[in-house]
Structures are given as structure tokens and as C-alpha cells.
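Those protein sequences? They're chains A and B, same order as listed. For what it's worth, this note's numbering labels the leading residue of the first sequence as 192, then goes sequentially. For what it's worth, this note's numbering labels the leading residue of the second sequence as 1492, then goes sequentially.
FYI, nobody ran anything at the bench for these hints, they're computed from the structure. Here the structure is a predicted model, which means the values were calculated and not measured. Backbone N, C-alpha and C define an ideal beta-carbon position, used for all residues, glycine too. Hints may be right or wrong, so weigh each one.
Residues on chain A that point at chain B, a partial pick, calculated with CB under 10 Å [said to hold, decoys possible]:
1) 194
2) 201
3) 206
4) 209
5) 261
6) 264
7) 267
8) 268
9) 269
10) 270
11) 404
Covered stretches of chain B (in silico footprint by chain A; criterion: 3 or more residues with CB under 8 Å from a CB of chain A, positions within the stretch not fixed) [claimed, not checked]:
12) 1529–1543
13) 1551–1558
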Amino acid sequence: MTGLVLRELRLAAAGGAAFLPLVFFLLVATLFPFAVGPDGPLLARTGGGALWMAALLAALLPVDRLIEPDRAAGVLDQLALRGMSEEMVALAKLAGHWLSFGPPLMLAAIPAAALMKLPADVLLRLELGLLIGTPGLAALTLGVAALTAGLRRGGALAGLLMLPLAVPLLIFGAGYLERGGGSGALQWLGAISLLLVAGAPFVAGAAIRASRD
Amino acid sequence: MSLLALDGIACMRGGRLLFEGLDLRLEAGGAALVTGPNGAGKSSLIRLAAGLLRPAAGTVDRAEAALADEHPALDERRRLGDSLAFWVGDPAPGIEAMGLAPLAGMPVRILSTGQRKRAALARVVASGAPLWLLDEPANGLDSDGQKRLEAAMAAHRAAGGAIFAASHQPLALDGAQSVALG
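Assemble the whole structure, with the sequences as input and the hints as a guide.
Okay, here's the thing in C-alpha cells:
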């Protein structure tokens, strides 16, 4: 199990695959001020939501490298042969994927917030929201990656599958930025994220088993 | 107890019945060789025995097994030795048996088809599992590779292991049960 988590981290680091969502996230943060203009108050008001959207789209990028290469190479078969359940494999992959996705994204949010001229308290809420929301995003990515593994042009389908499911995370993540602690948005974000994290290993496990037939 | 017991196995693939009523027992030191034309279900039978496919009917009971099929399941970017060590505690016996020692430090991505096949077989040899499931183990192997494979299989059976192999190429397995499909 630990070996599998470490392997996932190694795969993410290999060839800079883990940096792709990060660079994408920062790129959106850089482009957004160009699009809406250098109006500080407007940027500060809309920037947080834009960063949540960027995080959501960045979460979509690793979808084709999480499950499909291991399925095609027979790694998932060899793990099954060793008596490891598909759900455990998915859980290990989820842990490894989040470690290579969540914390780097939270780090990247600091320069991104500066580009958006976000005030310090909003940045703090963004970081807290990302800490709670990125496990849910990672779980969605994993589930969708398993569902689309083995399909041709699965990447395009993955976007269509994943983005609607990520809407609640976006609503409560961005809502918490604006309204703060009293609104209950953070609690909702946590509840949805927890639900996704708890459900994704079972969805992914069943999808991996189904892909063998 | 048998190392592999198949009872009344039937296999459906894509709505088509490939075979049914298949029984097989493998004891320590035993071997079975599955033969048949392309598409007869040789690989499916191996995957059924591995537990990766569910039989349409019948039961599969097996001891701890190691599988070598057409997928090497090795990380392309890592060195061969490290990549094998992810799967088996000590890959040295397998690397030795399949003559891969000079390649152990090479990254997996530069290996040829035959070398990858040797690597997959090396994992089986080093696994220590009593039952070997081999799907077309001689595919892509040169004559030296085939000799090493046959020597490793003989040594495994002499040590009380069992081998369940599917091959369309001649494979030296003395006294193996024959399972003809199709």
C-alpha cells in the first residue's frame, strides 16, 4: 500500500507530469487580469472565483495518466494477482495523486492570489477551501480516469463527465471566499469533498474490474 | 491440496461461448499446456485461472500464483532492476535465470520485445509463487531465452511448483497434461 502511494508520487514527479496542472493554474491566473483589465477592485472581487475555476480545470489534466497507463501495461492485473483489491489500489492512487496535486496547488495559489490582488483574508479562505476541496477534486479525477480508461479519446469524455460533477465544489469553494465562515459554505465544501473521497475508490474499483471484460 | 483446480469451467467472451465443461487439476511438480488456434480462448483460460476473468460457469481454486502475459507491467522510466524490485523482494534469482544481469541497470523503456518478455519471466521466477501462469511465454524469445525459460520451468517443477502455460509454439514441458481448445 505504502509502496503503491510512493510509486504514484514517483510517476507524478517523473517527466514533470505533476507540474502540468500547476503551470496551467498559474497560467490562468496570469491571463485573467489581461482579460478583465487591470482594475484592482474588480480583480479582487472576481479573482477568487476564477482561481477556483482554474483549480477545477487543472484537476482535469492528469485524468489520462492516472489509470490508463497502468491498465494497458498490466500493472493493475499484477496487483490483483497479489490479492490487492481494486478498491485498495484506487485508494492508494487517490492518496498519491492528492499529495502530488493538492499541496503544490495550494503553494501556487499564493503567487496567483497576488496576481489577482486578493486581500490577505480572502487568500486565507482560498487556501483553507483548497485544503478541503482538493481531495474531492482528486477523487473526482481518479473516478473519471477509471471510468474512461481503455476508451479511445477518453480525455474529451472525461471532461464532460467530470466538470458537471465538480459544480458543487466550485459553488461552495467560491461561495466561502465571498461570504466567509458564517455562511456554512465551508461545511458544505467539506461534506461534498468527503463524499467524493469516500465514494471514488469504490467507483474506480468497480470500473477497473469492469474494464477487464 | 492441488495448486490449481478448475471445475466445469465455461468461458464467454463478447457473447460467444469459447469453451465449456473444462476440468483441470495441477499438483506439485505438475504442468499443463494449453494449445489451440488463435482466438480459441488460450489467454482467456490463463486469465480465468489467474482470477482476472470470471468464468461463466464453474469454479477456480488456486494457490498463490505469478503471471507472465503480454503486458510487462514494468515502469518505463525506471531501471530494470528497480522496476522488478517493486514487485518482488529480491529480483536477483529471476534476473540471473533469464540472463538479464547486464541489463539490470538499463531503463525499461530501451528494452526490446524479447528483453521485456525475459523481464516478465524473471519476475515470475523471482516471485516464489508455487503456481506459474504463463501466457505465450516463448513469444519474442530467442533460442537462448527459450532454453533459459525451459530450464527455469524444469527447476520450478523439480522444486514442487506447478506450471499452467498457453502457447502456440512448441514448449518443452515433460509429461505436461495437454489442454486442446477450439
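Hints versus structure:
Given the 10 Å rule on beta carbons, the hint for residue 194 (chain A) holds: about 7 Å separates it from the nearest Cβ of chain B. For the restraint placing residue 201 (chain A) at the interface with chain B, the shortest Cβ-Cβ distance is roughly 8 Å, inside the 10 Å limit, so the hint holds. For the restraint placing residue 206 (chain A) at the interface with chain B, the shortest Cβ-Cβ distance is roughly 7 Å, inside the 10 Å limit, so the hint holds. Violation of the interface hint for residue 209 (chain A) is found here, the shortest Cβ-Cβ separation to chain B being roughly 14 Å, above the 10 Å cut-off.
Hint status for residue 261 (chain A) relative to chain B: holds, with the closest Cβ pair at about 8 Å, below 10 Å. Of the supplied interface hints, the one on residue 264 (chain A) holds, with its beta-carbon coming within about 5 Å of a beta-carbon of chain B, less than 10 Å. For residue 267 (chain A), the interface hint holds, since its Cβ comes within 10 Å of a Cβ in chain B; the closest pair sits about 9 Å apart. Evaluation of the residue 268 (chain A) hint against chain B yields a held restraint, the C-beta minimum of about 6 Å falling below 10 Å.
Look at residue 269 (chain A): its Cβ gets to within about 5 Å of chain B, closer than 10 Å, so that hint holds up. Contact between residue 270 (chain A) and chain B, as hinted, is supported at the beta carbon level, the nearest pair being about 9 Å apart and thus within 10 Å. A distance limit of 10 Å between C-beta atoms decides the matter here; for residue 404 (chain A) the minimum to chain B is near 7 Å, and the interface restraint holds. A count of 4 residues in the region 1529–1543 of chain B with a Cβ less than 8 Å from any Cβ of chain A is obtained; the coverage claim is therefore met, three being the minimum.
With a cut-off of 8 Å between beta carbons, the region 1551–1558 of chain B has 3 residues touching chain A; three or more are needed, and the interface restraint holds.
Against the hints set out earlier in the document, a violation occurs for number 4 only.
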